[in-house]
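Put the two chains together into one complex, using the hints given.
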Amino acid sequence: MNKKPGILGRSYTALILLFLYAPIAILIIFSFNSTRSRTVWTGFTLDWYRSLFANSSIMDALYTSLIVALISAVVATIIGTFAAIGFHNMRSKWRTPLTHINNIPMMNADIATAVSLSLLFITLGSVLRFRLGFGTLLLAHIIFNIPYVVLSITPKLRQLDNNLVDAACDLGCTWMKAFWKVIVPEIRPGIVNGLIIAFTLSIDDFVISYFTAGGNIMTLPMQIFSMTRRRVSPEINALSTILFLSVLVLLIIINIRGARQEEKQKKRQAALNK
Amino acid sequence: MAKELIRLSKCSMAFDGDVVLDNIDLCINDKEFLTLLGPSGCGKTTTLRIIGGFLKPASGDVLFDGVRINDVPPHKRAVNTVFQKYALFTHLNVFENIAFGLRLARPGGKKLSKDEIASRVMEMLEVVSLKGFEKRDVSSLSGGQQQRVAIARALVNRPKVLLLDEPLGALDMRLRKDMQNELKQMQQATGITFIYVTHDQEEALAMSDTVVVMENGVIQQIGTPEDIYNEPENAFVADFIGESNIVDGIMLDDGLVEIFGRKFKCLDKGFKPSEPVDVVIRPEDIDIVSPEKGQLTGKVISVTFRGLMYDIIVDFNGFKWLIQTTDLSPIGTTLGIKIDPDGIHIMSKSQFSGMYGDYSSYSAEYDEISDVDYEVEIEDAEGARE
Numbered sequence: 005m006n007k008k009p010g011i012l013g014r015s016y017t018a019l020i021l022l023f024l025y026a027p028i029a030i031l032i033i034f035s036f037n038s039t040r041s042r043t044v045w046t047g048f049t050l051d052w053y054r055s056l057f058a059n060s061s062i063m064d065a066l067y068t069s070l071i072v073a074l075i076s077a078v079v080a081t082i083i084g085t086f087a088a089i090g091f092h093n094m095r096s097k098w099r100t101p102l103t104h105i106n107n108i109p110m111m112n113a114d115i116a117t118a119v120s121l122s123l124l125f126i127t128l129g130s131v132l133r134f135r136l137g138f139g140t141l142l143l144a145h146i147i148f149n150i151p152y153v154v155l156s157i158t159p160k161l162r163q164l165d166n167n168l169v170d171a172a173c174d175l176g177c178t179w180m181k182a183f184w185k186v187i188v189p190e191i192r193p194g195i196v197n198g199l200i201i202a203f204t205l206s207i208d209d210f211v212i213s214y215f216t217a218g219g220n221i222m223t224l225p226m227q228i229f230s231m232t233r234r235r236v237s238p239e240i241n242a243l244s245t246i247l248f249l250s251v252l253v254l255l256i257i258i259n260i261r262g263a264r265q266e267e268k269q270k271k272r273q274a275a276l277n278k
Numbered sequence: 036m037a038k039e040l041i042r043l044s045k046c047s048m049a050f051d052g053d054v055v056l057d058n059i060d061l062c063i064n065d066k067e068f069l070t071l072l073g074p075s076g077c078g079k080t081t082t083l084r085i086i087g088g089f090l091k092p093a094s095g096d097v098l099f100d101g102v103r104i105n106d107v108p109p110h111k112r113a114v115n116t117v118f119q120k121y122a123l124f125t126h127l128n129v130f131e132n133i134a135f136g137l138r139l140a141r142p143g144g145k146k147l148s149k150d151e152i153a154s155r156v157m158e159m160l161e162v163v164s165l166k167g168f169e170k171r172d173v174s175s176l177s178g179g180q181q182q183r184v185a186i187a188r189a190l191v192n193r194p195k196v197l198l199l200d201e202p203l204g205a206l207d208m209r210l211r212k213d214m215q216n217e218l219k220q221m222q223q224a225t226g227i228t229f230i231y232v233t234h235d236q237e238e239a240l241a242m243s244d245t246v247v248v249m250e251n252g253v254i255q256q257i258g259t260p261e262d263i264y265n266e267p268e269n270a271f272v273a274d275f276i277g278e279s280n281i282v283d284g285i286m287l288d289d290g291l292v293e294i295f296g297r298k299f300k301c302l303d304k305g306f307k308p309s310e311p312v313d314v315v316i317r318p319e320d321i322d323i324v325s326p327e328k329g330q331l332t333g334k335v336i337s338v339t340f341r342g343l344m345y346d347i348i349v350d351f352n353g354f355k356w357l358i359q360t361t362d363l364s365p366i367g368t369t370l371g372i373k374i375d376p377d378g379i380h381i382m383s384k385s386q387f388s389g390m391y392g393d394y395s396s397y398s399a400e401y402d403e404i405s406d407v408d409y410e411v412e413i414e415d416a417e418g419a420r421e
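Chains A and B, in that order, give the protein sequences.
Heads up, the first sequence is in my numbering, so the first residue is 5 and it goes up one at a time.
Heads up, the second sequence is in my numbering, so the first residue is 36 and it goes up one at a time.
Please note that the accuracy of each hint is not assured.
To list a few chain B residues with every Cβ distance to chain A over 12 Å, as calculated [said to hold, decoys possible]:
#1 L98
#2 R103
#3 M157
#4 E268
#5 M344
#6 D346
Derived pair list, reagent style EDC-like, types lysine to aspartate or glutamate, alpha-carbon separation capped at 16 Å [unchecked claim]:
#7 B:K120 - A:D165
#8 A:K160 - A:E267
#9 A:K271 - B:D172
#10 A:K185 - B:E131
#11 B:K304 - B:D346
#12 A:K185 - A:D165
#13 A:K270 - B:D96
#14 B:K307 - B:D322
#15 B:K45 - B:D96
#16 A:K97 - B:D377
#17 A:K268 - B:D172
Quick list of the computed label-pair ranges, beta carbon to beta carbon [to be verified]:
#18 A:L74 - B:M208: 32 to 40 Å
#19 A:T178 - B:N58: 28 to 36 Å
#20 B:D106 - A:Q265: 50 to 58 Å
#21 A:K271 - B:D362: 48 to 56 Å
Just so you know, the hints here were simulated from the structure itself, not pulled from any lab data.
Every value quoted in this text rests on a predicted model; they were computed, and no experiment measured them.
We treat Cβ as the ideally placed atom computed from N, Cα and C, and that holds for glycine.
In isolation and in its complexed conformation, chain B is listed as follows (with noise of 0.2 Å):
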């Protein structure tokens, strides 16, 4: 049974009267590697800088072991931060950036020896593979090597919990693959838990145990990344993880939802008779067939090569669909489509529904997905603000 380490209970702020966070419920077990998932302003660093004690929440508590923290300074708290762009101290060599906090007195402890302090930092530089680092300048690193500095800084006064905000952002696509590996196996092998905050999707699935998806200041949906995949709670969860079409549909019964004026089987039950719900229906599990033995049929309008298997839209009636495909369609051509009962999700209707999971302007919205240092200067404004 896991154990409750953290607990945010009905945490709100605001900054300059906006509402970066709106009344926030979070649990967080100890051991865990849970991560705060969504866009540039979501509140998911507020968050976490309440968690490290650098902001104190308008109205709410925050529980660390059961005992309200509220008003306990950071540097008494059992949480260490790595910090997006490091924040290493540059006056200082790699072995003393790591040892910085082992030479400070302990409230309550005895100061450290040097012996034990090397001996510390040394086993640390191990586990982020820079031994031989120790006398270097930090400012002669690469951004990857500042990145394990950061982290081996944060580790070595082995904390309870591990903040870590967004801290391969400033990294290349491959040393981020890499560097999220090591993370995750650095976590399984401390037992630390880890609060780890992305705008990144992938990131988030691949690492975490429970994500966190939040959206204006409001967690929007909590669970194992496999649920969050594949049972998104609303229109903005579905199209923020992944891709997704997201259509009107009505619940004719269970197990029965109407498209487009076509009856679809689903799995999803619960729901009133002719309820109107969003439909989603990831773009990998529509299969292609002859438009005879399709259950809709359409027409190929876009087709982009992505290695793996090609993304085409297409329009159905006018509303165009994302369909991931190994097989090369070419423009248009006229196809049909097949959806099996678990490939269709249902949700209920939110305040997200009609704001996503269109395809018409599918290119523009790509480019702002995977436009990073967008998102870096919002983070920076919000910082600002404080």
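So that you can see chain A by itself, here it is in the shape it has in the complex (with noise of 0.2 Å):
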């Protein structure tokens, strides 16, 4: 059964890496290269990189998409918290087509999200008196944050016992305080991976923030569709290397934590068992 993939089996899989990951290899090879070519090798410079970080609106960008990422993370990790913990109390009749919107902004296009924020944020505005920004920037985030960050608590409320608040409240809590005492802690892991989530999932965003920032602001994948147009430059090649790393770098983090969660896991489960 368990047959080892034979040659045919093997060069597949490799070409498939090899299309995946030959030209993020270029590109970091190519952030290094002393002259703006693209093609041939020159030599080793660390030029670009100085470029980049003198480079005024690239780092405004980075600035803002990482202010964004932040704030946005962290809101949506406390929505995401109370929404997880509310729809899981709920009775399905309600907890089901809840969850059904909850999880609109994850099924759908990005683009259609985008421009029914982008909608829906002009029309107010007009109403209302205010422009597309980075207010209306920070919103959309929240907004397509707060499935991802639900998504990931809910499991951990499931595995939680039924008993467990009223355990707590038995040893002497007030629902408040076996609320902090209990509960959070209790599903910390869930919420630190929301939180990690959607702090990447921000990061990376282009298409909603496009449409969502307005005319005067811009994050960093803006930014770098913006200096495409022109002429491109190699300092796009330094900042891809520097995203690539830092988003791999998290997700590294994202799973390995989801591993030792497992094994916990299991090993409780191995310990009941007994």
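Shown next as structure tokens:
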């Protein structure tokens, strides 16, 4: 049954990996190239990184991206945590439709979410007198982050013992104390994961930001896009390298955490079955 | 003279129109080991949750030491609970789980010092034989050990009353028996009132001072284990506690009952002449004799080896009785039986008459009784509805 893949299977896998990762590898390599050429290697340099950090429009965009990612991730995590707990304790008559609504930003193509949010903000803006800008950008990011936070917390809630809150109250907690001393610590891994995922998604987003940020403010992906329209600078390679590595690190952290929790869960199950 | 500690007075409860408790009156004495016993959905867990403060009765009063506590929240009651499936805090280690209640400021009392907490937790670990486990992750413990942590976590607060909701349900047979003894000893050593919920009648008989048998949200009988077993009030109690043959009889006179047209001597008195009654005959109270000497004769139709004895089913004119005997009588044998007067117990007719005590479908009934998982599922559903 457990036959090792033949030569054909292996080369197929190798080809897929090559097509997936070769462009990224080349991009990283040429971010250290000493000339503008993207085809000929002419020598090692860190100049592009230096000029990248000297480029104020890129740095501004990076700053905007980080701030939006940080705030939206934190806010989405807080809202998402309460939403997940609310959903969990609802009767299924209400829970099912509400979770479906909550999942819309996740199910939709980004472009659909982007256009709808943009239209919504413009319409509301004309009534309430505000314009697309940092506020709408942040709001949009919070909105598309919430379902992912809910998604990462819900399984943790399902694993909880039904009597956990009762047990805490029984031992002397008020309901609020039970929430902070028992529920939050018990689902903390889910909350932290949700936070990281939300941050990553926010940093990574282009389409929704493009439609909701208005003309005066740019996130990093938007900045890169606008740069490629004029002339392609190796600074972009340098920036992409940094972005790629940061996202990679975050993803690795998420995966390691996931694997560890699974291990713990397995141990627990094994102990219970003893 | 035992002192009354908790009283439920005319307590009723309904979930979504289903009546779960129907006008319950119950009195629990100080230092008593009281067991609420009944099949799933009989209202025993609901009763426990009302005492714990997790549910408010729809009507009726809950009194603690004579004071009405209907509106007192769980964290202000001098009661602690050991939950089904333990409900331990997995983010804390064994020590912190047990110390959880001690670390919270008591209403009206001052916070305990660190040393005091440590010494009380260590003392408790010794009581539940978990010395040396304090640093362990609770998820790394076996079911029996987690059970002990749950008991320690509740007892360390020195409650007046400990509530236990099917605490041994998830353990295997061997461990259950050991824990039953330990719990009983703990109760006697600490002098704390235990209120214990179970569907396991053997457990109830073995551990309790008082057994409360419940069904359909109504208390069917309250009494000592001996009373409940020997003098069941109605057919439900007789059937639920141990094995019983329950047959229709007619009371001819004080001490004389007619079953299947034959007269039997018994010890029961006070019934009207010719009153129809339910007659309980325990399988172990039936003596097997030769057909000529028997008060009744029947044919063996099934034999099951149970280790200590055989369970044999005997057909008397179409009504099947269970008899427990140490002597093997092969299938097809015709035998006679004799019942001593003290082996016959007479009960008035009740709503349960005719529902229990016939062993025509013996094996199926046995399966249902021993199916623990089935029970737990129903109880969960009850919990979810709340």
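Q.
Let me make sure I understand: some of the numbered hints might not hold for this structure. Which ones are they, in numerical order?
A. Hints 11, 13, 14, 16, 18 and 20 contradicted; others consistent.
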